[in-house]
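Novice: Residues per chain are reported as follows:
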Amino acid sequence: MSARGPVSRALAVAAPRRPPPARRTGTRAWLRENLFGSVHDTALTLLAAWALVVTLPGLLEWAVVDAVWVAEDPQQCRAAAGACWAVVAEKHRVMLFGTFPYDQHWRGVLVIAIVIAMAVVSAFRRFWSYRLFVAWVVAMAVVLTLQLGGVLGLEPTGTHDWGGLPLTLILFVGTVVGGLPMAVALALGRRSSLPVLKALCIGVIEITRGVPLITVLFMASLMFPLFVPEELTVDKVLRAQVGMILFFGAYAAEIVRGGLQAIPIGQYEAADAAGLSYWQKTRKVILPQALRIVIPALMNDIIRAFKNTTFVSIIGLFDVLGATATALEDPLWVLYAPEAYVFIFVLYFCFCFSMSRYSERVERDLARGRNF
Amino acid sequence: MRGHPDTARPELPSGDDVLVTLRGVNKWYGDFHVLRDINLAVGRGEKVVVCGPSGSGKSTMIRCINRLEEHQEGTIVVDGTELTDDLRGIEAVRRRVGMVFQQFNLFPHLSVMDNLTLAPVYVQGEPGPEAEQRAMETLERVKIPDQAWKYPGQLSGGQQQRVAIARALMQRPKLMLFDEPTSALDPEMINEVLDVMVELAEGGMTMIVVTHEMGFARRVADLVVFMDEGEVVEAAPPATFFARPENPRTRLFLSQILSH
Chain A
0 MSARGPVSRA
10 LAVAAPRRPP
20 PARRTGTRAW
30 LRENLFGSVH
40 DTALTLLAAW
50 ALVVTLPGLL
60 EWAVVDAVWV
70 AEDPQQCRAA
80 AGACWAVVAE
90 KHRVMLFGTF
100 PYDQHWRGVL
110 VIAIVIAMAV
120 VSAFRRFWSY
130 RLFVAWVVAM
140 AVVLTLQLGG
150 VLGLEPTGTH
160 DWGGLPLTLI
170 LFVGTVVGGL
180 PMAVALALGR
190 RSSLPVLKAL
200 CIGVIEITRG
210 VPLITVLFMA
220 SLMFPLFVPE
230 ELTVDKVLRA
240 QVGMILFFGA
250 YAAEIVRGGL
260 QAIPIGQYEA
270 ADAAGLSYWQ
280 KTRKVILPQA
290 LRIVIPALMN
300 DIIRAFKNTT
310 FVSIIGLFDV
320 LGATATALED
330 PLWVLYAPEA
340 YVFIFVLYFC
350 FCFSMSRYSE
360 RVERDLARGR
370 NF
Chain B
0 MRGHPDTARP
10 ELPSGDDVLV
20 TLRGVNKWYG
30 DFHVLRDINL
40 AVGRGEKVVV
50 CGPSGSGKST
60 MIRCINRLEE
70 HQEGTIVVDG
80 TELTDDLRGI
90 EAVRRRVGMV
100 FQQFNLFPHL
110 SVMDNLTLAP
120 VYVQGEPGPE
130 AEQRAMETLE
140 RVKIPDQAWK
150 YPGQLSGGQQ
160 QRVAIARALM
170 QRPKLMLFDE
180 PTSALDPEMI
190 NEVLDVMVEL
200 AEGGMTMIVV
210 THEMGFARRV
220 ADLVVFMDEG
230 EVVEAAPPAT
240 FFARPENPRT
250 RLFLSQILSH
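Heads up: the protein sequence lines correspond to chains A and B, in order. With the first letter of the first sequence counted as 1, position 97 gets the number 96 in numbering that gives the first Met the number 0; the numbers rise by one all the way through. With the first letter of the second sequence counted as 1, position 217 gets the number 216 in numbering that gives the first Met the number 0; the numbers rise by one all the way through.
Bear in mind the hints are in silico, worked out from the structure with no lab data behind them. Mixed in with the good hints, there may be bad ones.
Unchecked claim - Derived BS3-like pairs: lysine-lysine, alpha-carbon spacing no greater than 25 Å straight-line:
1) A/K283 <-> B/K149
2) A/K306 <-> A/K235
3) A/K280 <-> B/K173
4) A/K197 <-> A/K283
5) A/K197 <-> A/K306
6) B/K173 <-> B/K142
7) B/K149 <-> A/K280
What the hints assert, rightly or not - Here's a subset of chain B near chain A, in silico, CB distances under 7 Å, partners left out:
8) N65
9) R94
10) F106
11) H108
12) A118
13) V122
14) R250
15) S254
As the list claims (entries may be wrong) - Pair ranges (Cβ atoms, derived):
16) A/P180 <-> B/I256: 32 to 38 Å
17) B/T83 <-> A/R282: 46 to 52 Å
18) B/F31 <-> A/Y129: 47 to 53 Å
Note that the structure is a prediction, hence the values are computed from the model and not measured. Every residue gets a Cβ at the ideal spot worked out from N, C-alpha and C, and that includes glycine.
Produce the complete structure using the sequences and hints provided.
Specialist: Structural data, given as structure tokens:
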């Protein structure tokens with residue numbers, strides 16, 4: 000307080016509502032704001048521009064201007080200075096379908112189409128219902144029929160014939176469909192008050208997380224057959240699939256557990272007080288909230304599961320990457336491996352980026368109308 | 000049950016008109032004796048207000064009545080069912096007892112309507128359309144029928160708490176427990192919740208209310224219980240309790256909360 004007494008003042012002013020001040024727009028404002036806002040920004044902008052000027056022309060020349068798009072003969076590529084995209088046209092059947100019988104590749108095309116179509120349909124929330132689940136089961140049955148053959152006049156094709164993108168997609172879908180329920184079960188089990196169940200779940204999670212995926216796959220493909228009698232031997236693809244489900248499930252379980260721990264205790268108490276049983280509480284109150292929280296982390300693991308399918312080439316299964324490596328063993332085309340791998344890179348990027356956008360969309364959909 | 004030296008203690012009433020009985024209830028958190036020999040009987044249709052400083056065990060006590068907390072000694076009987084480790088008994092009691100929490104604890108991922116119909120449909124097996132109709136009637140009782148399809152996060156605190164009361168009422172409870180129902184509310188919203196509670200009380204609901212709203216206690220309570228440090232210090236009808244508190248601890252507490 001000063002000598003004059005208190006100096007605090009507030010002025011009562013009648014202030015009408017009005018719209019916010021207009022934002023600066025236009026190219027100049029945008030450039031200033033984003034590229035040349037300060038000395039620091041300007042320096043970085045110039046540096047980036049210089050890097051583009053140095054690299055982009057060469058890259059464009061190689062990839063577009065001097066590139067060979069169609070070639071009957073690898074000699075045409077050898078004569079050119081640019082990329083040989085013709086290798087993709089020449090080898091795409093082997094890259095995409097591996098050792099699957101050549102005249103049966105249409106079945107592989109159908110498998111890819113079905114899986115992608117189902118994924119697209121699943122992206123729309125209005126289709127989320129029991130029926131979508133049934134549709135997935137039917138779709139997977141059709142996919143397996145197409146891949147295995149032997150019925151409906153289809154030439155039988157055992158799992159040893161499987162390869163390429165269909166194999167990648169089947170392993171991926173199988174991993175997620177089998178692994179997510181397992182993750183939820185393990186996460187709930189780890190938080191259980193029953194000591195044996197809890198110890199079991201901790202054991203599965205920690206042991207699986209403690210070893211590399213390659214070891215799990217080696218165990219599944221090489222060691223497992225040593226310990227079981229011949230007639231009990233399980234199919235190689237199935238064994239790899241089980242190994243991948245286990246691996247994915249153990250990682251995702253810890254993510255789900257994180258979500259469970261984020262649910263305030265009041266939610267459990269409110270459900271208890273309403274007389275809900277453990278399963279009703281878990282299914283209707285806890286899991287819907289916990290899973291929503293962990294969508295970003297879970298999607299991270301799902302995308303990794305997609306890329307982890309490449310590990311199966313180590314145990315002699317040819318996923319799309321493995322099949323590409325095989326295709327490039329052709330001495331006539333072996334020089335153009337980089338071009339083929341660029342194609343595979345783009346293919347993987349398309350799948351993974353779609354999944355990432357998909358998860359963003361699901362998050363946005365679920366957040367609509369709720370702020371918690 | 001452990002013997003008690005004070006044998007001259009008057010007996011709790013018993014009989015059909017008693018809905019809830021706590022007899023010699025003791026509870027510890029680790030070594031901390033949080034409930035010390037609680038004896039309380041609540042008659043059918045009566046309202047009991049429990050007050051006391053924070054940490055006095057009042058919340059813990061009412062949370063024992065629907066087994067959100069476990070007591071270690073003594074007996075708790077709700078509508079003829081004793082609370083033991085038997086899960087069926089616990090679930091039977093919980094179905095008959097509605098609870099309203101300080102922090103509302105609505106299910107944020109469900110609409111108001113789904114919050115209300117969840118337990119009736121899944122626990123009691125009530126058909127969906129019937130439950131929805133009853134939910135609309137219950138929302139009218141708490142004066143927010145127009146919020147049925149919103150989510151809890153879109154409502155004010157007072158509205159959320161009224162939804163929480165409606166959700167508890169949907170269980171057709173014989174007893175309603177209120178654990179500081181207005182403590183988390185902004186001052187201007189306290190009355191809208193208290194009004195609903197007063198109406199509920201006037202409708203004949205049996206209620207145990209932990210609160211510092213002494214106006215509410217004066218108006219509806221049949222019995223005011225003052226707890227301190229885990230003990231029931233004093234219990235009397237509101238007229239006596241506020242006019243002639245006997246225990247100095249009660250007097251101190253009342254002077255602290257009624258001074259301004």
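Novice: Does the Cβ-Cβ separation between A/P180 and B/I256 fall within 32 to 38 Å?
Specialist: violated (53 Å)
Novice: Are A/K283 and B/K149 close enough, with their CA atoms no more than 25 Å apart?
Specialist: holds (18 Å)
Novice: Can you verify the interface hint for B/A118: is its Cβ closer than 7 Å to any Cβ in chain A?
Specialist: Constraint on B/A118 satisfied, holds at 4 Å.
Novice: Using the C-beta atoms of B/F31 and A/Y129, is the stated range 47 to 53 Å upheld?
Specialist: holds (50 Å)
Novice: Should the hint that B/S254 touches chain A count as held when the rule is a Cβ pair under 7 Å?
Specialist: Nearest chain A Cβ about 32 Å off; hint violated.
Novice: For a C-alpha distance cap of 25 Å, please report whether A/K306 and A/K235 respect it.
Specialist: Holds, because 19 Å separates the two Cα atoms, which is no more than 25 Å.
Novice: Going straight from one Cα to the other, do A/K197 and A/K283 come out at no more than 25 Å?
Specialist: holds (22 Å)
Novice: Going by Cβ atoms only, is B/V122 closer than 7 Å to chain A?
Specialist: Status holds, d = 5 Å.
Novice: Holds or violated: B/R94 as interface residue toward chain A, Cβ cutoff 7 Å?
Specialist: holds (4 Å)
Novice: Hey, does the B/R250 contact hint survive, CB to chain A under 7 Å?
Specialist: Since chain A brings no Cβ nearer than about 34 Å to B/R250, farther than 7 Å, the hint is violated.
Novice: Closer than 7 Å between Cβ atoms is the bar; does B/H108 clear it against chain A? Give me holds or violated.
Specialist: Because about 5 Å separates B/H108 from the closest Cβ in chain A, which is inside the 7 Å limit, the hint holds.
Novice: What's the verdict on B/K149 and A/K280, does the C-alpha distance respect the 25 Å limit or exceed it?
Specialist: This hinted pair holds, its Cα atoms lying about 22 Å apart.
Hint compliance for this structure: hints 5, 14, 15, 16, 17 are broken, all remaining hints hold.
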